Each structure stands twice: as structure tokens, then as C-alpha cells.
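> So for the sequence shown, the working numbering puts the first residue at 1; every next one is plus one.
Heads up, a few of these hints could be off.
[Stated by the list, open to error] With a Cα cut of at most 16 angstroms, we get these calculated EDC-like pairs of lysine to aspartate or glutamate: (1) LYS42 with GLU7; (2) LYS42 with GLU18; (3) LYS43 with GLU18; (4) LYS30 with GLU7; (5) LYS30 with GLU20; (6) LYS21 with GLU7; (7) LYS43 with GLU7.
To be clear, the hints were calculated from the coordinates, so they are not data collected in a lab. Values in this document were obtained by computation on a predicted structure and should not be read as measured data.
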Amino acid sequence: MTKQYRETLIWHRASHQEREKLLDFGLVDKSQYMMLLRQLRKKYAI
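All chains should be modelled from the sequences, with the hints used to inform the complete structure.
Encoded structure:
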């Protein structure tokens, strides 16, 4: 599974608030963005 595919799966399963956080962190802080992706990946078992 590629990184881009995993991010797409997370995006589709994320709630509205989680999507907002992903967008905010993606534009401002790459480390926070990656941390949130890891948390959501564990949450949604991706």
C-alpha cells in the first residue's frame, strides 16, 4: 500500500474535524501532520 493511498483512505474515513486538522497541519506544520496521520491510521486500522 503506497503512502498516498493510505492518506486517501484516512481522508475518506476521517470525520469533519479530523479533516480540518489535517488541512491545517498540512499547510503549517509537517511534523504535526505526520503525527496526526499516524494516530488516525491506528484509529481506523489502516
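> Hint by hint, note whether the structure agrees.
Consistency of the hints with the structure:
no., hint, in the structure
1, LYS42 with GLU7, "holds (12 angstroms)"
2, LYS42 with GLU18, "holds (14 angstroms)"
3, LYS43 with GLU18, "holds (12 angstroms)"
4, LYS30 with GLU7, "holds (14 angstroms)"
5, LYS30 with GLU20, "holds (15 angstroms)"
6, LYS21 with GLU7, "holds (14 angstroms)"
7, LYS43 with GLU7, "holds (13 angstroms)"
Going through the hint list in order, the structure satisfies each hint without exception.
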